[in-house]
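Engineer: Respectively, the protein sequence lines represent chains A and B. Number 290 marks the last residue of the first sequence (the working numbering); no jumps. Number 290 marks the last residue of the second sequence (the working numbering); no jumps.
Please note that a few of the clues may not be correct.
[Unchecked claim] Derived DSS-like pairs (lysine-lysine); straight-line CA-CA distance at most 27 Å:
| id | chain 1 | residue 1 | chain 2 | residue 2 |
| --- | --- | --- | --- | --- |
| 1 | A | 213 | B | 72 |
| 2 | B | 13 | A | 13 |
| 3 | A | 272 | B | 213 |
| 4 | A | 185 | A | 160 |
| 5 | A | 160 | A | 189 |
[Said to hold, decoys possible] Chain B residues, not near chain A, derived (Cβ > 10 Å throughout):
| id | residue |
| --- | --- |
| 6 | 44 |
| 7 | 227 |
| 8 | 233 |
[To be verified] Using C-beta positions, here's what the derived DEER-type ranges look like:
| id | chain 1 | residue 1 | chain 2 | residue 2 | range |
| --- | --- | --- | --- | --- | --- |
| 9 | A | 151 | B | 25 | 38 to 44 Å |
| 10 | B | 223 | A | 164 | 30 to 36 Å |
| 11 | B | 137 | A | 184 | 37 to 43 Å |
| 12 | A | 159 | B | 286 | 39 to 45 Å |
| 13 | A | 272 | B | 93 | 34 to 40 Å |
| 14 | A | 175 | B | 26 | 30 to 36 Å |
I should point out that these hints are in silico values taken from the structure, not numbers from a laboratory. Fair warning: this is a prediction, and the values are worked out from it, not measured in the lab. No residue lacks a Cβ here, since even glycine has one placed at the ideal position from N, Cα and C.
Protein chains: 2
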Amino acid sequence: MKASDGQLIGYEKEGSELWLWDDLPELHMEAGYRIDRLLHYERSPYQEISVAETAAFGRMLVLDGVPQVTEKDGYIYNEMITHLAMVTHPHPRHVAMIGGGDCGPAREAAKYTEVERIDVVEIDARVSEVCRLWLNRDPSERADSLTHLHHADGAKWIRKPPVPIDVLLIDRSDPYGPSAALYTKAFYKSVYDSLSADGITVFQSGSPFFDMKGLRITTQRLRSLFPVVRTYWTAIPSFPGGMWSFTLASKGTDPLLGCMDRLPTDTRYVNKAIIPAAFELPNFIQSALD
Amino acid sequence: MKASDGQLIGYEKEGSELWLWDDLPELHMEAGYRIDRLLHYERSPYQEISVAETAAFGRMLVLDGVPQVTEKDGYIYNEMITHLAMVTHPHPRHVAMIGGGDCGPAREAAKYTEVERIDVVEIDARVSEVCRLWLNRDPSERADSLTHLHHADGAKWIRKPPVPIDVLLIDRSDPYGPSAALYTKAFYKSVYDSLSADGITVFQSGSPFFDMKGLRITTQRLRSLFPVVRTYWTAIPSFPGGMWSFTLASKGTDPLLGCMDRLPTDTRYVNKAIIPAAFELPNFIQSALD
Numbered sequence: 001m002k003a004s005d006g007q008l009i010g011y012e013k014e015g016s017e018l019w020l021w022d023d024l025p026e027l028h029m030e031a032g033y034r035i036d037r038l039l040h041y042e043r044s045p046y047q048e049i050s051v052a053e054t055a056a057f058g059r060m061l062v063l064d065g066v067p068q069v070t071e072k073d074g075y076i077y078n079e080m081i082t083h084l085a086m087v088t089h090p091h092p093r094h095v096a097m098i099g100g101g102d103c104g105p106a107r108e109a110a111k112y113t114e115v116e117r118i119d120v121v122e123i124d125a126r127v128s129e130v131c132r133l134w135l136n137r138d139p140s141e142r143a144d145s146l147t148h149l150h151h152a153d154g155a156k157w158i159r160k161p162p163v164p165i166d167v168l169l170i171d172r173s174d175p176y177g178p179s180a181a182l183y184t185k186a187f188y189k190s191v192y193d194s195l196s197a198d199g200i201t202v203f204q205s206g207s208p209f210f211d212m213k214g215l216r217i218t219t220q221r222l223r224s225l226f227p228v229v230r231t232y233w234t235a236i237p238s239f240p241g242g243m244w245s246f247t248l249a250s251k252g253t254d255p256l257l258g259c260m261d262r263l264p265t266d267t268r269y270v271n272k273a274i275i276p277a278a279f280e281l282p283n284f285i286q287s288a289l290d
Numbered sequence: 001m002k003a004s005d006g007q008l009i010g011y012e013k014e015g016s017e018l019w020l021w022d023d024l025p026e027l028h029m030e031a032g033y034r035i036d037r038l039l040h041y042e043r044s045p046y047q048e049i050s051v052a053e054t055a056a057f058g059r060m061l062v063l064d065g066v067p068q069v070t071e072k073d074g075y076i077y078n079e080m081i082t083h084l085a086m087v088t089h090p091h092p093r094h095v096a097m098i099g100g101g102d103c104g105p106a107r108e109a110a111k112y113t114e115v116e117r118i119d120v121v122e123i124d125a126r127v128s129e130v131c132r133l134w135l136n137r138d139p140s141e142r143a144d145s146l147t148h149l150h151h152a153d154g155a156k157w158i159r160k161p162p163v164p165i166d167v168l169l170i171d172r173s174d175p176y177g178p179s180a181a182l183y184t185k186a187f188y189k190s191v192y193d194s195l196s197a198d199g200i201t202v203f204q205s206g207s208p209f210f211d212m213k214g215l216r217i218t219t220q221r222l223r224s225l226f227p228v229v230r231t232y233w234t235a236i237p238s239f240p241g242g243m244w245s246f247t248l249a250s251k252g253t254d255p256l257l258g259c260m261d262r263l264p265t266d267t268r269y270v271n272k273a274i275i276p277a278a279f280e281l282p283n284f285i286q287s288a289l290d
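Please model the complete structure; the sequences and the hints are all you need to start from.
Structural biologist: Now the structure itself:
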């Protein structure tokens with residue numbers, strides 16, 4: 001616990017309180033969270049990993065000082081990155097996800113009875129282990145039994161997947177550090193090639209409000225490869241600005257024609273009506289992507 | 001300009017930079033914005049009013065250190081509080097709004113040709129004047145000619161409106177200070193009584209993520225008075241957590257049966273598809289309101 005002497009990225013003592021400061025230099029903003037307890041800290045070969053009990057969001061996974069996923073709103077992200085592709089694909093037997101060592105999307109995907117195998121590719125083995133210890137309060141036996149965890153570079157792993165992938169989720173963090181390779185043109189091509197004949201992928205594609213350029217590049221790259229590309233959005237309170245985008249690309253089925261009856265009933269965010277609604281884009285997003 | 005000696009609520013010098021710190025004690029969070037220039041500062045009889053040029057959101061109106069509306073995302077709020085009621089009401093001739101001295105909703109309402117009169121009730125005359133000087137970059141002659149500005153306590157004004165109101169927007173700020181009276185049970189009853197026979201009101205009803213209790217109270221009070229009450233939501237990046245709710249209550253038409261063809265085409269956020277989508281609530285909101 002080095003917080004008190006200021007060596008831990010992002011954490012600062014303020015009088016008798018500990019705060020985490022998420023520095024957002026590109027946005028010229030900063031977000032501060034009061035920490036009730038620093039639960040875990042370590043330095044992995046890739047990054048500084050910590051888990052903090054925050055007053056606002058419960059437990060929070062922090063990598064190099066940047067909040068990644070929280071206990072109180074992580075389900076919004078996990079459900080929204082997973083279910084829209086899962087209900088669109090007619091028979092998702094093989095699911096894979098790159099990034100997202102917390103295995104939240106794997107737990108959501110395992111709710112579909114037709115799923116036979118889930119590959120989770122997380123470059124940093126310590127992230128998976130820390131998440132399992134501190135954030136996995138709602139473990140799923142079925143997800144555990146289906147999941148093959150690979151501690152590998154996702155951009156390399158995807159070039160030789162063990163089987164063709166039906167649904168591939170790109171749960172990447174910001175475009176620097178360990179995730180940088182998940183933003184290259186070559187990676188998008190590898191994603192396309194890794195998918196089965198009617199495969200579907202979903203990319204976490206950033207804030208449409210703060211980084212329209214990034215969303216536009218993701219969309220263009222996917223459009224150059226896939227016949228069906230659709231952007232959808234939601235609000236994730238612990239993410240900067242809240243408004244967040246995902247981009248779905250499909251070799252076959254259009255998500256607007258997906259079968260909502262397959263949606264599991266034990267969700268906290270998504271439902272049959274929210275899914276089509278999420279594809280309705282505000283004018284400022286639609287016009288930037290046209 | 002008192003910023004440099006720290007007397008201005010919320011502003012702080014950090015080295016050579018000026019920052020605004022939005023202290024959110026109930027959320028145990030703080031949000032910081034780098035200020036390129038402090039454009040205006042004054043102390044009115046009600047509050048400290050400032051306008052800052054922020055790097056993240058352009059010009060920002062700040063009251064007692066709390067950001068209210070920004071140049072870059074204010075249109076989302078203004079369009080979302082206004083158009084859903086305007087397309088629902090079959091013939092909105094008389095529109096009124098309580099709070100919201102920036103007159104953004106008035107500009108949106110004036111886009112409907114049937115509107116004959118707009119009453120804007122803003123308790124602090126200086127807020128209206130400061131907004132007119134610094135934030136009204138897109139003035140509307142039609143809105144100006146239709147608008148009657150009242151510098152009065154909205155909770156008192158609404159008891160004797162000049163004419164029955166067809167569409168009434170409650171653009172209230174947080175439930176303390178000048179806005180506290182807009183959260184009482186008596187106020188909701190006055191709102192009901194002020195409306196015409198098929199009148200519609202929309203309340204800004206807070207963050208469903210951080211203040212579900214507040215949203216639930218607003219919903220319950222409106223349900224006890226109106227036959228049709230519907231909650232809708234959007235993401236407003238400069239608001240804490242982004243995710244934000246509005247609650248519409250109608251004496252007649254259900255918004256889900258509103259006529260989208262009446263929507264103006266010069267909007268930056270809302271469109272015919274976004275409006276019905278905004279009424280689709282995530283499970284965690286729906287179950288809290290059931």
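Engineer: Are the hints correct? Go through all of them and say.
Structural biologist: Hints, one by one, checked against the model:
| no. | hint | result |
| --- | --- | --- |
| 1 | A:213 / B:72 | 16 Å, holds |
| 2 | B:13 / A:13 | 19 Å, holds |
| 3 | A:272 / B:213 | 25 Å, holds |
| 4 | A:185 / A:160 | 17 Å, holds |
| 5 | A:160 / A:189 | 13 Å, holds |
| 6 | 44 | 27 Å, holds |
| 7 | 227 | 22 Å, holds |
| 8 | 233 | 8 Å, violated |
| 9 | A:151 / B:25: 38 to 44 Å | 41 Å, holds |
| 10 | B:223 / A:164: 30 to 36 Å | 52 Å, violated |
| 11 | B:137 / A:184: 37 to 43 Å | 40 Å, holds |
| 12 | A:159 / B:286: 39 to 45 Å | 43 Å, holds |
| 13 | A:272 / B:93: 34 to 40 Å | 38 Å, holds |
| 14 | A:175 / B:26: 30 to 36 Å | 34 Å, holds |
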